[in-house]
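Asker: Here are the chains, one letter per residue:
2 protein chains.
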Amino acid sequence: MPESLAPNIPPPAPLPLRTTPAVETPASGRSRVIIETVSPQVDAGRFPIKRTVGERVRVEADAFVDGHDKISVAIRHRPAGGAAPWREAEMAPLVNDRWAGEFEIHTPGWQEFAVIAWVDHFATWRYDLQKRLAAGQDIQIDLRIGADLVTDAADECDGEVAASLRASARLLRSDSTAEATEIAISQSLQLLMRQHGPRRFVSESVPLRIWVDRVRARFSAWYELFPRSATSQPNHHGTLADVERRLQYISQMGFDVLYLPPIHPIGRAFRKGRNNTATAEPGDTGSPWAIGGPEGGHDAIHPDLGTIDDFDQLILSANHLGIEIAMDLAFQCSPDHPYVKNHPQWFKHRPDGSIQYAENPPKKYQDIYPFDFECDDWQSLWNELLRVTLHWVEHGVRIFRVDNPHTKPFPFWEWLISQVKQREPDVLFLAEAFTRPKVMYRLAKLGFTQSYTYFAWRNEPWAIRQYYTELTTPPVVDFFRPNAWPNTPDILTDYLQTDARAAYIVRAVLAATLCANFGIYGPVFELMDGRAVRPGSEEYLDSEKYQIRKWDLNQPNSLADLLSRLNRIRKSNPALQQDRGLTFHRSDNQTVVVYSKTQGDSVILVAVNTDPYHTQWANLNLDLAAMGIDPGEPFQAHDLLTEARYRWQGYHATVGLDPGSTPVHVFAIRRRSRSEADFEYFL
Amino acid sequence: MPESLAPNIPPPAPLPLRTTPAVETPASGRSRVIIETVSPQVDAGRFPIKRTVGERVRVEADAFVDGHDKISVAIRHRPAGGAAPWREAEMAPLVNDRWAGEFEIHTPGWQEFAVIAWVDHFATWRYDLQKRLAAGQDIQIDLRIGADLVTDAADECDGEVAASLRASARLLRSDSTAEATEIAISQSLQLLMRQHGPRRFVSESVPLRIWVDRVRARFSAWYELFPRSATSQPNHHGTLADVERRLQYISQMGFDVLYLPPIHPIGRAFRKGRNNTATAEPGDTGSPWAIGGPEGGHDAIHPDLGTIDDFDQLILSANHLGIEIAMDLAFQCSPDHPYVKNHPQWFKHRPDGSIQYAENPPKKYQDIYPFDFECDDWQSLWNELLRVTLHWVEHGVRIFRVDNPHTKPFPFWEWLISQVKQREPDVLFLAEAFTRPKVMYRLAKLGFTQSYTYFAWRNEPWAIRQYYTELTTPPVVDFFRPNAWPNTPDILTDYLQTDARAAYIVRAVLAATLCANFGIYGPVFELMDGRAVRPGSEEYLDSEKYQIRKWDLNQPNSLADLLSRLNRIRKSNPALQQDRGLTFHRSDNQTVVVYSKTQGDSVILVAVNTDPYHTQWANLNLDLAAMGIDPGEPFQAHDLLTEARYRWQGYHATVGLDPGSTPVHVFAIRRRSRSEADFEYFL
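Just so you know, the protein sequences line up as chains D and P, in that order.
If you're matching positions, the first sequence starts at 2 in our numbering and goes up one per residue.
If you're matching positions, the second sequence starts at 2 in our numbering and goes up one per residue.
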């Protein structure tokens, strides 16, 4: 087995307790403090929690000791790997033996943390002394006990600290009880002992890990297009150069990730025709997901799209505009893929000698050969797929959209993603798995950065509320980053099979504001082409999956301006740049969904009429506490789409949402305290 | 460090996957099935779940694989230690990728179990074949694929199974498609392949442990008395022989555990007087918890109580009546304890050279020296306390009531209990920790068999409902066994400081029916002596903790008969012999609490008026489903205390509970289906 290929990623070995100055080697029989139920954690530490650079990690734990002694509790954290020094963040008690603390993370990659705790004999002594003083007891011997504690601490310190501790110990032994008492209960001595007092028999929790991504993992706006349709020239197969020319259009709408379906050579055998017909006519271009032909496989570029130099140029131009190119990783082959000839052992063979094509009986997909991940030569298969991935990483790709990851083994993905991130921690992976919830969650746990969701089918307010509450609270929010798409080339929902502009506005606003990552498949979305191939189907008519389409981007009713505005609102409001902080508010109209997102002073309140055909009125009962608003103070609701401003006060508000004009409100909520001048000006 | 003394009990090392016939050594890269969220478990397997001999263990797990393949899932279990062969129980799918199965445990001690799962290629093939047949597809090649799968299985079997599989494979290759199809979808071949088909690339969950106790751990009735008060002879210090004479009385009330406060020599120095006065008068007997005098320490018997031979005789006589003697383990010393002279290093010393007595400032307990578990000689201290415990085990003690375990280190208890159970798995430990919830739960997790609870202070129906719901559902029910006591020598609650007989009946019935373990401290309880030492105190006046009391057991208003009846009801109704199966029912009177317990056909419904002074009526809304009752069928409610029988039907019932006559109902609920004759007779 090559050195790079370990067949599975075991959870890291438990970290031994590191000795830092003033921490003795623990003898566990005397490590009396118990630490339990540390949060956040995913599957008892089997998987990391996920955060991005600059976020704060709030840690909680139960910690307690036998008897009445006082304890000190802290978080230890550092970049994983063992070389960096531990940093420490103090934890403070909440209620019921629960403690909390937090720290900020600055470096992408693996971080490790644990909760540590120890009996604080000085704090115990000081607390007891105060009770003795209050009861008027004699404290002569107690002062001597305290002096001994402080002297012990001094013996383990150097320099000024030791000198200062020794001075305190002398005062505690003073003949003047008043003087000794004063130093005994002084804040300064308490602080000194907290920082420099000996820590004996330290307990440490199970070590936990954090995977820290760059910020785009948390906050991104995706646009998908088919490169071969990226031109309006008649009779022309769009090229990567055409995509480059379209970057300005995408940038103006505010998207920062451009995802391209596979750009590799396409197979001939069993090629699908237009609208997914079984046989292709001459000139039919086939599905880009039938990867591989005589021109090459997963590391080649379709000759009609251009060359690797064109691709490198596209990456450069995109990056110049702040856009990243996301590449499709679809690990399957057309019958014409070079692997079929060169590595037949990677495929399953039928008794008649043919290679097993993809099936979901009774359906047959004869243009696709899946890999046999149970084959004896699985290790070389894994290595080749890693090589292909790294090939594109070397060409500057930092985001992959992975096609159907749930049809390849979970251990494979855990290994591949870890191998890539080990080399380039800024590479992101989006899981395209529209399948059962536990399967989707497992993919997120094992390393996928973001995941497609059921968003497209959550149209009712109750369903939105239920689903997004699950996605934005622990444990899910700690490992799963939803990326909401109103449509994809495979998903034209019933809700969008309409010419009602409001339907598209509603879905765009929900996608862009419920969670911090969203995307659309265009230009079909902004041009609102809602024609299905047949009634009851979610497939587009004349789908770009099987043919080239030409689009008139200048159509006057295009949603491009709305998308621009939405993306500007997202970029200027931190509340919309994270998945946490989502609260649903009560509405007496079951077709109107109302929610807020809060991040510090940034508060956004969204009201959406999910009925795209009729005006709906709703009386709202606002959760003011969730928005940090005092019920006794007026506040401003500033509609960032229409620029209308309202002065509200208290829990009750009424909205009227007309699909013909304003089917949604996206309010910035401004409290008096935040920006007094701006607030007063408009009231 | 002596060999017997490991300073901590680490969780057992992960169990390697054992190969059993037809299971290949797993190559984890091809072990595609994922197993998650196995239940029951306690703190991710750090601690065992608890069960008793004869119980069934229901296991659930999430299990799923990439793609569309069918999987098989099973539980593997065996006595821990590695020598016994694995037994297997099949798991069946529920919904949403969750699987369930169960098995019964027969042996006390450690058991280990895990969930295993693998891709079932034959089941996948059979399922697909049926879909192909339904679609009318050609299945010639599929039949050959199936024949290959069956031949592969045959190659790994011997004898008749191999022959049978080979015969099936031949039929699958038959020229007659009809014949081949018939065998392909036959139940018999499916069963054969399920049992003998190869299991490749098996996945295994994290291994989990069960601690299996004997039945009394789950179901027991405790009676506590002070041996020195166990006689009515005037001017006589009760003896172990007096206790022996009282066994018949205890047995007639139906108790099966007799718990004795410490029977060791009592210290003289700082001995407490009657009613906990600071100085003892001549003749005062002191507190039995001030252990140790010139006559000996924790392994000695107070000379006034008798000899070790008397103790052995008491154990024998008790066992003869089905009663076990529970001994007190109070690990603390009087200043006169031999340890103080012989092992001064086990105690904390003050700067003036004196030994540190127990304190909770400003309170001082100068008659008690606690051990210093942080002392350098902690290992010999641990070993000595283990020796003392085993000394009593050798004298036949199988139940210990541990005094204030929360004031000694948790690692010590985990080690001590494990050391004792390793030698004698039938030894039980009751934790007397009335402290914060997480501390109490930790003690239960680390090995205590049963635990005292907050029961004494849960008098309101809402509080009873909340607390007992927590105690009888996972995760708590899997590691914490509540033992409910209406009173103890330290706890005379405000509720019982009354001469209202109903108050005592209410508390006895609640204790005896809410959970399966309960106890009383008598004879003060059955004689209803509710006098507190002073208003606002929970201490008894003339407490037996500090003096000898004489009791007239023949008082006409004694509750002994009620307790007899309650214990008989408990013994004949399995529903009351376990903590699971508790359901609270709705009552429109907030002073009346109503709950049922169900175990198979055994159903008990209890209604309690918690107001001991006034009659209360309540309209009930019964959860019939929880009692297995069809709303359309009549059922019988048979009051086991009064022998009254009611015919009820539907959700609604009314009870009137008069403190003067019937403050409670304890109904056996009989469904028509269960005992037709008995049911009809009374309707």
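What the hints contain is simulated information worked out from the structure, not anything from laboratory work.
Any given hint could be a false lead.
For identical chains, the list gives no copy identity; a pair is met inside one copy or between any two copies.
As the list claims (entries may be wrong) - List time: in silico DMTMM-like cross-link candidates among lysine to aspartate or glutamate, alpha-carbon distance up to 25 Å:
| id | residue 1 | residue 2 |
| --- | --- | --- |
| 1 | Lys572 | Asp404 |
| 2 | Lys364 | Asp139 |
| 3 | Lys422 | Asp139 |
| 4 | Lys132 | Asp149 |
| 5 | Lys439 | Glu205 |
| 6 | Lys349 | Asp156 |
| 7 | Lys572 | Asp479 |
| 8 | Lys342 | Asp659 |
| 9 | Lys439 | Asp44 |
| 10 | Lys572 | Glu644 |
| 11 | Lys572 | Glu157 |
| 12 | Lys572 | Glu540 |
| 13 | Lys439 | Asp404 |
| 14 | Lys422 | Asp70 |
| 15 | Lys365 | Glu205 |
| 16 | Lys422 | Glu161 |
Asker: Any hints this thing doesn't respect? Which numbers, in order?
Answerer: Structure breaks hints 1, 3, 8, 11, 12, 14, 15 and 16.
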